[in-house]
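Using this note's numbering, the first residue of the sequence shown is number 1, and each one after it goes up by one.
Since the hints were derived computationally from the structure, they do not count as laboratory data. Errors might be hidden in some of the hints.
[Stated by the list, open to error] Heads up, simulated EDC-like pairs for lysine to aspartate or glutamate below, C-alpha to C-alpha not over 20 Å straight-line:
#: 1; residue 1: K85; residue 2: D6
#: 2; residue 1: K12; residue 2: D80
#: 3; residue 1: K55; residue 2: E83
#: 4; residue 1: K85; residue 2: E37
#: 5; residue 1: K85; residue 2: E4
#: 6; residue 1: K12; residue 2: D86
#: 7; residue 1: K12; residue 2: D89
#: 8; residue 1: K12; residue 2: E72
#: 9; residue 1: K12; residue 2: E59
[Claimed, not checked] Taking CB as the label site, the calculated pair distances span:
#: 10; residue 1: E165; residue 2: H18; range: 40 to 50 Å
#: 11; residue 1: P193; residue 2: F128; range: 40 to 50 Å
#: 12; residue 1: I70; residue 2: V95; range: 39 to 49 Å
We put the beta carbon where it would ideally sit given N, CA and C, even for glycine.
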Amino acid sequence: MVMERDRALLAKTQLEIHDLQAQWGAISQRLLLLQLEQLEARLGLYSYTRALFAKTQLEIHDLEAQMPAIPERLSTLRADLLEVKDRLDSYTYPVLTLPSEITAEIFLQFLSLYRDFPPMSGPHSPIFLTTICRQWREVALTTPMLWRAIRLPRVGPMSDAGRIEAAASAVSLWLRRSRSCPLSICVFGTALPIISALVPHLHHVENLSFMWVDSG
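All chains, full assembly: derive it from the sequences and hints.
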């Protein structure tokens, strides 16, 4: 509850800073226009009456009186903003207090059962777990069983060379993370350089599936 209140305060403060900065710019622009109008009036370019000239002078005075308060308010708001950010950064999320072993076990339950092939990207991929926070990334990268199954990306031999190279590199990195775990691999219409990335890991492949599309 406190954290949500701080987040709301953070958003409100940022909005107020933006509004004040816009107000400062508008006042500065208006002052410049008024000063130009006065100059033109003095030069006789317009037949300003004495009353209109006095009104313009009063508006300039009012705007100039407002301007000193804006930087001070901005300074206060920026200090408040830093304070709220510091509080948000200091919050401890209960899930991050779990021992790494328990977090790793939760991660394993998140994936499909072994021998199924998780996607290499997206919310059901172990890659997704590495994007949440630094602590989860460290746990995911040091849990070999998360990387023990893979469906090779469907990048055919006629694909762009750069795409094939990137896919082969991604497969190689994935398999290195599995360390010595038994591997379950699915090959589906994949270019030779990507299949070649399997060679250093063939000694611990437990399940190897080949899929193809009947072109006839």
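Using the C-beta atoms of E165 and H18, is the stated range 40 to 50 Å upheld? This hint holds: roughly 44 Å between Cβ atoms.
Proposed proximity, D80 with K12 (alpha carbon, max 20 Å): Holds: K12 and D80 sit about 11 Å apart, inside 20 Å.
Please work out if K12 and E72 have their alpha carbons no farther apart than 20 Å. holds (18 Å)
Mind checking the hinted window 39 to 49 Å against the Cβ distance between I70 and V95? holds (42 Å)
For P193 and F128, compare the CB-CB distance with the range 40 to 50 Å and indicate the outcome. This hint is violated: roughly 26 Å between Cβ atoms.
What's the verdict on K55 and E83, does the C-alpha distance respect the 20 Å limit or exceed it? violated (43 Å)
Hint consistency between K85 and E4 [alpha-carbon to alpha-carbon, up to 20 Å]: It holds: about 12 Å lies between the C-alpha atoms, which stays within 20 Å.
Is it true that the CA of K85 sits at most 20 Å from the CA of E37? violated (45 Å)
Would the hint linking K12 and E59 be met if the CA-CA limit is 20 Å? Not OK: K12 and E59 at ~30 Å, beyond 20 Å, violated.
CA of K12 to CA of D86, is that 20 Å or under? holds (16 Å)
Would the hint linking K85 and D6 be met if the CA-CA limit is 20 Å? holds (8 Å)
Hint check: K12 vs D89, CA-CA at most 20 Å. Holds or violated? Given that 20 Å is the threshold and the Cα spacing comes to 18 Å, the pair holds.
Of the numbered hints listed earlier, those contradicted by the structure are 3, 4, 9, 11.
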